[in-house]
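*Asks:* So for the sequence shown, the UniProt record's numbering puts the first residue at 1; every next one is plus one.
I should point out that these hints are in silico values taken from the structure, not numbers from a laboratory. Cβ coordinates follow ideal geometry from the N, Cα and C atoms, glycine included. Some hints here could point you the wrong way.
As the list claims (entries may be wrong) - Ranges of calculated distance between the beta carbons of each label pair, as one might list FRET restraints:
no. : residue 1 : residue 2 : range
1   : H32       : E62       : 17 to 25 Å
2   : P119      : S84       : 16 to 24 Å
3   : D63       : H104      : 14 to 22 Å
4   : A31       : A93       : 17 to 25 Å
5   : M34       : A116      : 21 to 29 Å
6   : A133      : A108      : 33 to 41 Å
7   : R183      : A82       : 27 to 35 Å
8   : V19       : L174      : 19 to 27 Å
9   : A153      : P35       : 20 to 28 Å
10  : G136      : A101      : 31 to 39 Å
11  : D63       : R105      : 33 to 41 Å
12  : P35       : A76       : 20 to 28 Å
13  : P35       : L98       : 16 to 24 Å
14  : L98       : E172      : 12 to 20 Å
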Amino acid sequence: MPTEHLSQPTFALADALIVDPFYLAISADFAHDMPQRKAVLAAYFAYSLGEAERTGRCLLPEDPALGAAAWLLPRADPVDAAESAAKNEFLAATLGPLGHANYHRIVAFMAQRAPAVVPADAWYLSILAISPAAQGRGLGTRLLAPTLAEADAAGVPCFLETFTPPSVRFYERLGFRREAAHREPVGGSSTSSCAARPLHPCRPRTEPQARRPVSTRPGKSRGYNRQCLATIPENM
1 MPTEHLSQPT
11 FALADALIVD
21 PFYLAISADF
31 AHDMPQRKAV
41 LAAYFAYSLG
51 EAERTGRCLL
61 PEDPALGAAA
71 WLLPRADPVD
81 AAESAAKNEF
91 LAATLGPLGH
101 ANYHRIVAFM
111 AQRAPAVVPA
121 DAWYLSILAI
131 SPAAQGRGLG
141 TRLLAPTLAE
151 ADAAGVPCFL
161 ETFTPPSVRF
171 YERLGFRREA
181 AHREPVGGSS
191 TSSCAARPLH
201 PCRPRTEPQA
211 RRPVSTRPGK
221 SRGYNRQCLA
231 TIPENM
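Assemble the whole structure, with the sequences as input and the hints as a guide.
*Replies:* Structure (structure tokens):
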């Protein structure tokens with residue numbers, strides 16, 4: 001399980017993302033118990049932030065209760081297999097049978113379509129969310145900036161998937177472009193979008209130094225599956 005410092009942002013993530021179609025789908029077993037639904041999502045986010053610390057980038061603001069950004073980076077097959085198995089065990093014990101099935105259905109749906117538009121070495125923005133109380137202050141942009149700059153310096157593209165169409169405009173301002181859109185397979189009422197931030201054509205590629213597991217928090221030292229979907233309110 002993730003370390004204690006990751007407990008605060010999980011509740012901010014749950015508050016910010018509770019209306020997102022993906023997170024509604026994976027917490028469907030608790031549709032009539034909102035406190036429990038948020039608790040389940042908070043546990044999911046805590047696990048996801050821990051995964052990002054182990055095999056990617058996890059960035060928190062000075063007040064970690066305000067949100068988080070989690071990235072997954074390409075990882076070796078043995079690491080990926082071990083992480084995927086551990087995560088599935090956690091999900092099966094946490095989400096409930098319907099939510100667990102919805103999770104795998106959506107992930108399989110997106111995984112079939114992403115390779116057509118996403119380079120294999122891309123860095124994946126897994127989760128970005130800001131507490132509703134802190135939205136509209138540019139915090140989302142500031143949380144993304146260090147890893148986007150790092151990816152640019154390493155010469156690698158980035159990508160994300162979102163089920164909230166208004167979020168696409170926010171990401172476009174950061175250099176992402178919408179590559180594909182699909183009707184999500186569980187509820188069918190929302191559109192999933194895959195957005196990529198391409199490598200600048202004049203920027204030379206360098207060997208990424210970020211392939212080893214690292215963790216990050218402001219003031220500290222600062223890989224890859226499609227098992228989470230990034231989303232952020234429009235006014236970040």
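*Asks:* If you check the beta carbons of A31 and A93, does the distance land in 17 to 25 Å?
*Replies:* Taking Cβ atoms as reference, A31 and A93 lie about 19 Å apart, which means the hint holds.
*Asks:* Starting from the range 33 to 41 Å, see whether the pair A133 and A108 falls in it by beta-carbon distance.
*Replies:* At 35 Å between Cβs, range holds.
*Asks:* Given the hint of 20 to 28 Å, check if A153 and P35 actually sit that far apart at their C-beta atoms.
*Replies:* 43 Å, violated
*Asks:* Quick check: does the Cβ-Cβ distance between D63 and H104 fall within 14 to 22 Å?
*Replies:* Cβ of D63 to Cβ of H104: about 34 Å, so the range 14 to 22 Å is violated.
*Asks:* Take a look at whether the Cβ-Cβ distance between P119 and S84 falls inside 16 to 24 Å.
*Replies:* Since the Cβ atoms of P119 and S84 sit about 20 Å apart, the hinted range of 16 to 24 Å holds.
*Asks:* Look at the Cβ atoms of L98 and E172 and judge whether their distance stays inside 12 to 20 Å.
*Replies:* Once the Cβ atoms are compared, 34 Å apart, the range 12 to 20 Å for E172 and L98 is violated.
*Asks:* Does the beta carbon distance between M34 and A116 stay inside 21 to 29 Å, or does it fall outside?
*Replies:* Between M34 and A116, where Cβ atoms are some 38 Å apart, the hint is violated.
*Asks:* Given the range 20 to 28 Å, decide if the beta-carbon distance of P35 to A76 lies inside it.
*Replies:* 40 Å, violated
*Asks:* Taking 33 to 41 Å as the hint, is the beta-carbon distance of D63 and R105 inside that range?
*Replies:* Cβ of D63 to Cβ of R105: about 36 Å, so the range 33 to 41 Å holds.
*Asks:* Is it true that the C-beta distance of V19 to L174 lies inside 19 to 27 Å, as the hint says?
*Replies:* 22 Å, holds
*Asks:* Is it true that the C-beta distance of R183 to A82 lies inside 27 to 35 Å, as the hint says?
*Replies:* Given a distance of about 33 Å, which is inside 27 to 35 Å, the answer is holds.
*Asks:* Does the beta carbon distance between H32 and E62 stay inside 17 to 25 Å, or does it fall outside?
*Replies:* At 37 Å between Cβs, range violated.
Of the numbered hints listed earlier, those contradicted by the structure are 1, 3, 5, 9, 12 and 14.
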